[in-house]
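Which chain is which? The protein sequence lines are A and B, in order. The numbering of the first sequence is the working numbering, which starts it at 1 and goes up by one. The numbering of the second sequence is the working numbering, which starts it at 1001 and goes up by one.
By construction, these hints were calculated from the structure, which means they are not laboratory data. Among these hints, one or two may not hold up.
[To be verified] Derived CB-CB ranges, DEER-like:
no., chain 1, residue 1, chain 2, residue 2, range
1, B, GLY1142, A, GLY229, 42 to 50 Å
2, B, LYS1111, A, VAL209, 46 to 54 Å
3, A, ARG36, B, LYS1111, 50 to 58 Å
4, B, ARG1117, A, ASP261, 32 to 40 Å
5, B, LYS1135, A, GLU76, 23 to 31 Å
6, A, LEU31, B, GLY1064, 56 to 64 Å
7, B, ASP1020, A, MET44, 30 to 38 Å
8, B, ASP1020, A, GLN257, 48 to 56 Å
9, A, ARG36, B, ASP1093, 36 to 44 Å
10, B, ASP1157, A, ALA16, 43 to 51 Å
11, A, ASP261, B, ASP1093, 43 to 51 Å
12, B, ASP1176, A, ALA231, 30 to 38 Å
13, A, GLY229, B, ASP1157, 31 to 39 Å
All residues carry an ideal CB built from backbone N, CA and C; glycine is no exception.
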Amino acid sequence: MPTAVIERIGRNTNDALAAFGAFWCFTGRVLGWLFRGAMAWRNMRLLLPQMYEIGVRSVPVIAVTGAFIGMVMAVETHTQFKTIGQEQRLGSIIVLSVVKQIGPVLAAVMLAGRVGGALTAELGTMNVTEQLDAMRVMGADPIRYLVVPRFLACVILTPILTIYSDLLGVLGGWFIAVKALGVPNEPFWFYAQQGVDTWQVMEGLIKSVFFGGAIGLISCYKGFNSGAGAAGVGRACTEAFVASFISIIILNFFFAQLLKDWYIAIYGVQGIFG
Amino acid sequence: MALIELRNLHKRFGRLVVLDGVDLQVEAGQTLVIIGASGTGKSVLLKHIVGLLKPDQGEVWFDGQRIDSLPERQLMEVRRRFGFLFQMGALFDSLTVHENIAFPLIEHTRKSPEEVRRIVQEKLRMIGLPDVGPKMPADLSGGQRKRVALARAIALDPQVILYDEPTTGLDPIRSDVINELILKLKREMRVTSIVVTHDMHSAFKVADRIVMLHEGKIAFDGTPAQIRESDNAIVRRFVLGEASPEELGALHIAASATPSRR
Chain A
1 MPTAVIERIG RNTNDALAAF GAFWCFTGRV LGWLFRGAMA WRNMRLLLPQ MYEIGVRSVP
61 VIAVTGAFIG MVMAVETHTQ FKTIGQEQRL GSIIVLSVVK QIGPVLAAVM LAGRVGGALT
121 AELGTMNVTE QLDAMRVMGA DPIRYLVVPR FLACVILTPI LTIYSDLLGV LGGWFIAVKA
181 LGVPNEPFWF YAQQGVDTWQ VMEGLIKSVF FGGAIGLISC YKGFNSGAGA AGVGRACTEA
241 FVASFISIII LNFFFAQLLK DWYIAIYGVQ GIFG
Chain B
1001 MALIELRNLH KRFGRLVVLD GVDLQVEAGQ TLVIIGASGT GKSVLLKHIV GLLKPDQGEV
1061 WFDGQRIDSL PERQLMEVRR RFGFLFQMGA LFDSLTVHEN IAFPLIEHTR KSPEEVRRIV
1121 QEKLRMIGLP DVGPKMPADL SGGQRKRVAL ARAIALDPQV ILYDEPTTGL DPIRSDVINE
1181 LILKLKREMR VTSIVVTHDM HSAFKVADRI VMLHEGKIAF DGTPAQIRES DNAIVRRFVL
1241 GEASPEELGA LHIAASATPS RR
């Protein structure tokens, strides 16, 4: 019995390491094609439909998510700020939270669900119906034809959608704070402006580039390696979302630490209460 | 010298041994039909020939070049000389029929759009479907999808065409259309063909030579006339479509266990 347990642990470890290695080989091939002529016209014509699918069609969901994040932030923080007589400074905490942390992370999570799921399902279906094999047999690399444009669209559009999400988050927070909870308009914008600077906006955007890259790579990889049948594709979609979500959370932590260290090294510690 | 040669090919998936030392040579211009029960590794064998699968042991040779050890980029060059008809057609469902057939031409040649359009139309005429170019694959019947997939497979005028169960899922009339197409392509394009099937009517109609796979090994290799005369029990049962007593055993047990109604 112990031998069987050891064997199972060994096999699972081996499988996990093999999958990890296969993912990085896949990533290497994607980056290889990316640097070998992603800007050639025949590749650009593949990119534009993906940008529409990933970018334009995600706008409604990102808009709703962003606006409600800002509104919830205003509702949750207003009472606490009011008890210390600082509700006029609500703008700074809402804008800082939305722009630096919650906006980029939740926008990326929404994209992992909407875009990542669709990418995995599409490529997974192509895999189980032998369309990927058909492409290989015709001498076309499916990584160049299918993965590179989707990966590139994710990398380019996640920051743009994050800006949009940030904007609506700030407006949602302003609407609740100023119009519903009676915070004066001018102090709201004054402290909002004081609370963030270009660095903090960029911090959110830099992270979102990597979030987009992780979503694109993981979703395409899972689609390419989906199991047989509808159940296999469904499982691949679930795994793609879970892996993308975990990657976003982990990347967010490391970027928070890294960018904070850089900020302190350049500007020193700055408090939001002046 | 053989155009395609498989030497001592072994392949297993987990604990399941699919190919267990297959040796096979295919001459240029020949139509070889590979038969065998479902799950005996016929499609796996076909995928080894174009490098979609790598053998665990053994070698795959094409036109004097060993191809199983080639890196993906070089393999792509070799694959241009093959056409592959997949079991379900494997047409790209986001592209029209015209775009599907034009795909290999756009990927591998520098032909003008007019020239590509002309070739696509010519291939559609060859398969007897000149008007389906603007349609999506989802709008075609099963037989039409296979014919369009065949038109795509021959777009680059390949030297070898591999057919993976070309008549599976089709009615006898549509199956016969596909068989006639295989013969027509052989006549007009002088291609080497390898057809994987378990449809014996199709096998007898198109084959110059028939190979039967059984438990990962070649159980028979000969002409259609020779397989009809074979006294090998496994081969005879497959050709006549008769299950073995062991295979029927489970049914007899089930039948005797069913309570009778009076």
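Hint by hint, here is what the structure shows:
1. Between GLY1142 of chain B and GLY229 of chain A the beta carbons are some 19 Å apart, a value that contradicts the proposed interval 42 to 50 Å.
2. Separated by about 39 Å at the C-beta atoms, LYS1111 of chain B and VAL209 of chain A break the suggested range of 46 to 54 Å.
3. For the hinted restraint 50 to 58 Å between ARG36 of chain A and LYS1111 of chain B, the CB-CB distance of approximately 23 Å leaves it violated.
4. Hint check: ARG1117 of chain B to ASP261 of chain A, Cβ distance near 59 Å, so the stated range 32 to 40 Å is violated.
5. Range check, LYS1135 of chain B to GLU76 of chain A: Cβ separation about 55 Å, and the 23 to 31 Å hint is violated.
6. The supplied range of 56 to 64 Å is broken by LEU31 of chain A and GLY1064 of chain B, whose beta-carbon atoms lie about 35 Å from each other.
7. Between ASP1020 of chain B and MET44 of chain A the Cβ separation comes to about 48 Å, which falls outside the hinted range of 30 to 38 Å.
8. Take ASP1020 of chain B and GLN257 of chain A: their Cβ atoms lie about 55 Å apart, and the range 48 to 56 Å holds.
9. Against the hinted window of 36 to 44 Å, the Cβ-Cβ separation of ARG36 of chain A and ASP1093 of chain B comes to about 28 Å, which falls outside the hint.
10. The supplied range of 43 to 51 Å is met by ASP1157 of chain B and ALA16 of chain A, whose beta-carbon atoms lie about 46 Å from each other.
11. Evaluation of the 43 to 51 Å hint for ASP261 of chain A and ASP1093 of chain B yields a pass: the beta carbon distance comes to about 49 Å.
12. The hint said 30 to 38 Å for the Cβ distance between ASP1176 of chain B and ALA231 of chain A, and at roughly 36 Å that hint holds.
13. Evaluation of the 31 to 39 Å hint for GLY229 of chain A and ASP1157 of chain B yields a pass: the beta carbon distance comes to about 35 Å.
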